[in-house]
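Engineer: Each protein sequence line maps, in turn, to chains A and B. Note that numbering that gives the first Met the number 0 gives residue 271 to position 272 of the first sequence, counting from 1, and the numbers run on in steps of one. Note that numbering that gives the first Met the number 0 gives residue 126 to position 127 of the second sequence, counting from 1, and the numbers run on in steps of one.
Note that these hints are calculated values from the structure, not bench results. Keep in mind that the hints are not guaranteed to be accurate.
What the hints assert, rightly or not - Residues on chain A that point at chain B, a partial pick, calculated with CB under 10 Å:
| hint | residue |
| --- | --- |
| 1 | Met-22 |
| 2 | Val-117 |
| 3 | Thr-118 |
| 4 | Ser-199 |
Source: prediction; values computed, not measured. A virtual CB, placed ideally from N, CA and C, is assigned to each residue, including glycine.
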Amino acid sequence: MEREVYLDNAAATPVRKEVLEAMLPYFDKYYANPSTMYKPGLEVKKVLDEQRAKVADLIGASPEEIVFTSSGAEANNLAVKGIPFAHRKKGNHIIISAIEHHSVLNSARFFERLDYEVTFLQVDEFGFVNPRRVEELIRQETVLVSIMHANNEIGTIQPIQEIAEVCKSKGVFFHTDAVATVGNIPVDVNELGVDLLSISGIPLGAPKGTGALYFRKGTRIMPLIHGGIQESGRRAGTENVPGIVGLGKAAELAKQDVEEWSNKVKALRDRLIYGVLERIERTRITGHPEKRLPAHASFCVEAIEGEALIYMLSSQGIYANTGSACASKALKTSPVLVAIGVPPDIAQGSVVFTLGRSNSMEDVDYVLEKLPHVVERLRAMSPLWKQEAA
Amino acid sequence: MAAKTIYLDHNATTPVAPEAAEAMTPYMGERFGNPSSGYPLGREAHEAVEHARTEVALIIGADPSEIVFTSGGTESNNFVLKGIVDLKDPGANHIITCAVEHPAILNPALYLMELGVKVSIVGVDHYGRVDPQDIEKEIRPETRLISIMLANNETGTLQPIEEISRVGQDHGIPVHTDAAQAVGKIPVDVKALGVDFLTVAGHKLYGPKGVGALFIRRGLSLTPLIHGAGQERGLRAGTENVILSIGLGAACSLAARRISEDVEAARKMRGRLEELLFEGVEGLVLNGHPTERLPNTLNVSVPGLEGAKVLEGIPEIMASTGAACHDRTVKLSHVLSAMGVSEEVGMGALRFSVGRTNTMEQVERAARLIIQQIRGLRDGR
Numbered sequence: 000m001e002r003e004v005y006l007d008n009a010a011a012t013p014v015r016k017e018v019l020e021a022m023l024p025y026f027d028k029y030y031a032n033p034s035t036m037y038k039p040g041l042e043v044k045k046v047l048d049e050q051r052a053k054v055a056d057l058i059g060a061s062p063e064e065i066v067f068t069s070s071g072a073e074a075n076n077l078a079v080k081g082i083p084f085a086h087r088k089k090g091n092h093i094i095i096s097a098i099e100h101h102s103v104l105n106s107a108r109f110f111e112r113l114d115y116e117v118t119f120l121q122v123d124e125f126g127f128v129n130p131r132r133v134e135e136l137i138r139q140e141t142v143l144v145s146i147m148h149a150n151n152e153i154g155t156i157q158p159i160q161e162i163a164e165v166c167k168s169k170g171v172f173f174h175t176d177a178v179a180t181v182g183n184i185p186v187d188v189n190e191l192g193v194d195l196l197s198i199s200g201i202p203l204g205a206p207k208g209t210g211a212l213y214f215r216k217g218t219r220i221m222p223l224i225h226g227g228i229q230e231s232g233r234r235a236g237t238e239n240v241p242g243i244v245g246l247g248k249a250a251e252l253a254k255q256d257v258e259e260w261s262n263k264v265k266a267l268r269d270r271l272i273y274g275v276l277e278r279i280e281r282t283r284i285t286g287h288p289e290k291r292l293p294a295h296a297s298f299c300v301e302a303i304e305g306e307a308l309i310y311m312l313s314s315q316g317i318y319a320n321t322g323s324a325c326a327s328k329a330l331k332t333s334p335v336l337v338a339i340g341v342p343p344d345i346a347q348g349s350v351v352f353t354l355g356r357s358n359s360m361e362d363v364d365y366v367l368e369k370l371p372h373v374v375e376r377l378r379a380m381s382p383l384w385k386q387e388a389a
Numbered sequence: 000m001a002a003k004t005i006y007l008d009h010n011a012t013t014p015v016a017p018e019a020a021e022a023m024t025p026y027m028g029e030r031f032g033n034p035s036s037g038y039p040l041g042r043e044a045h046e047a048v049e050h051a052r053t054e055v056a057l058i059i060g061a062d063p064s065e066i067v068f069t070s071g072g073t074e075s076n077n078f079v080l081k082g083i084v085d086l087k088d089p090g091a092n093h094i095i096t097c098a099v100e101h102p103a104i105l106n107p108a109l110y111l112m113e114l115g116v117k118v119s120i121v122g123v124d125h126y127g128r129v130d131p132q133d134i135e136k137e138i139r140p141e142t143r144l145i146s147i148m149l150a151n152n153e154t155g156t157l158q159p160i161e162e163i164s165r166v167g168q169d170h171g172i173p174v175h176t177d178a179a180q181a182v183g184k185i186p187v188d189v190k191a192l193g194v195d196f197l198t199v200a201g202h203k204l205y206g207p208k209g210v211g212a213l214f215i216r217r218g219l220s221l222t223p224l225i226h227g228a229g230q231e232r233g234l235r236a237g238t239e240n241v242i243l244s245i246g247l248g249a250a251c252s253l254a255a256r257r258i259s260e261d262v263e264a265a266r267k268m269r270g271r272l273e274e275l276l277f278e279g280v281e282g283l284v285l286n287g288h289p290t291e292r293l294p295n296t297l298n299v300s301v302p303g304l305e306g307a308k309v310l311e312g313i314p315e316i317m318a319s320t321g322a323a324c325h326d327r328t329v330k331l332s333h334v335l336s337a338m339g340v341s342e343e344v345g346m347g348a349l350r351f352s353v354g355r356t357n358t359m360e361q362v363e364r365a366a367r368l369i370i371q372q373i374r375g376l377r378d379g380r
């Protein structure tokens, strides 16, 4: 292979070097259980509190508003189940968007079995939720609104502030799944005005198996995992100390450089987006062209199968995705693309590139060089393409 | 930890074995793929996680398809209890557990009770053992689960799980055992035990914190605790914790290889500690079963002295007075209380758990220090 270009940073990222260095001593050297009363245990407990402060600082929260979890998915489960369970007396209606991540979607669906009503809010062709529509749908029994900050398949960033205002004025808890944004763009919980916000370690360059949930001081929530009194009783289980140290370090680094990186990577993204649109006919961008994640470029290429494209790109050393990695095993046609009105046959040709810290302009140029040939070869084999050409 | 210190708290946690650390290292660096991705980097991560699954399965005699990775023993326990009941009609569900379980069982059970699920908590004898007949008496038509731990974290007392499984089988009720403290410390085999669900915790067997597993016998299913995409065969969502799963697999593989030497070493060191302490401290009381006990655990009480006071004076020894997870409140441990240990004796409880970091020399030195400290406190010094 001439070159290897990893463009699936939404699925997994390499752990940042400084993060790894920070974590390593906590596997063997500082191994005490933070719940113990002797000195090494108390020291580890102190280290955990420092990490909590760093994660809080990244999103403008207070340390006591952060609970560490085992992933973004767990944070979403904790929020979407923990609020309705803790506020059963308030009502049994939940509003989420039709393009939420599976961890929000299936947590909400879990309540349907328990006689809750779940409203799946439709989105427009860019994937935007209309805040006015949220306002109309909220009723007396609504206990939670959960709308993601940005979508991992189409990159669109939602008008979270406006939705939060609506929820606030109606007195309804508002959660946002910020797994795709924290680490990619600056995020501030007070600016956004949300009550709960999910974080994953992956976009931050922390290891898989780390995450956190922010919830505003005073928000009552039912734990998802009961047991010991770790995390102030909000999440039981001996803490993943190395993972949390990694997440803390990654948050500290992101606080310093996310804005700069986010601006820098936008140039690569735009070169990729406009380069692809220019070089490959009958290709459309999915999601909003500007109000999108800075490292996210997604397309539908007509008359080809996304799976085949990914496979062919892989043989050229280019690693991309057809949608979200998590969904790739769960589903065939992407519900997100269906929700934004992409016809099912065109949705088959979905390809998503997510840039990371290791990518360069040369990487983008390599993709722009290889991709048109790969598409051409696939189209040459496609009965759909031939029919239309004939 | 400092060279002079003696770590006698292996039931609270263990350092990651060098073999496990080594297995994880490449996946912290260049092999960072998402197991759900189709390209080579992803497939490599997928294969490594599946290999780890096999290693976990082997140590408990299960099939890899019966293992689900979790974020730890606590999550595994929550998963079974919450996943087996049908919350659509909580009142039509009943579970049986016992009074000396870890909070990771008792607190989910309490939560289910609040939702309307019926819970029977059977008592234990003076050694902390459950009588299988007491369990049988509690069985009702709506009983969904029997959950009894394999070994107690505070006293090391082993439960008659095989007999309890037979009770479950006779009545067609699945049996779960929280084996967080047992796997790696004694041989554990799901078939010999006859259980349907079994909890494994990584950091108790020289694997990392933040990872565990649940054995789910083939043919049985649970409602997921963490919903989302299809990872772990749809049973546990979230991008796989590749690094720590590999660490758990390697730790299990190592523990399986050296189980007899680990058991033997623990038995000798614990035996020596027990012998020296009983020789040197008048009126010392053993908490737990004299023989049906984990080979590494020694829980003793010095009547009239507070356990915390004893440990305070010997900072080089790291040990517990109760269970680590709920240590921050000073009250009699629920385990000792359920065993009928009096307040006076129970507050003087000290838990020592030996392990791979220890040597016989350390254990003997620890015994001397402990005896000295207790004598000093008794003399009012």
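Engineer: If a hint holds in the structure, say so; if it doesn't, say that too.
Structural biologist: The hints, checked one at a time:
Residue-level restraint check for Met-22 of chain A holds (minimum Cβ-Cβ distance to chain B is 8 Å; threshold 10 Å). Interface hint at Val-117 of chain A: violated, since its Cβ lies 13 Å from the closest Cβ of chain B, which is beyond the 10 Å cut-off. At its closest, the beta carbon of Thr-118 of chain A sits 18 Å from a beta carbon of chain B; the interface hint therefore is violated under the 10 Å criterion. Against a cut-off of 10 Å between C-beta atoms, the interface hint on Ser-199 of chain A holds, since the closest Cβ of chain B lies about 8 Å away.
Checked against the numbered hints given earlier, the structure breaks hints 2, 3 and satisfies all the rest.
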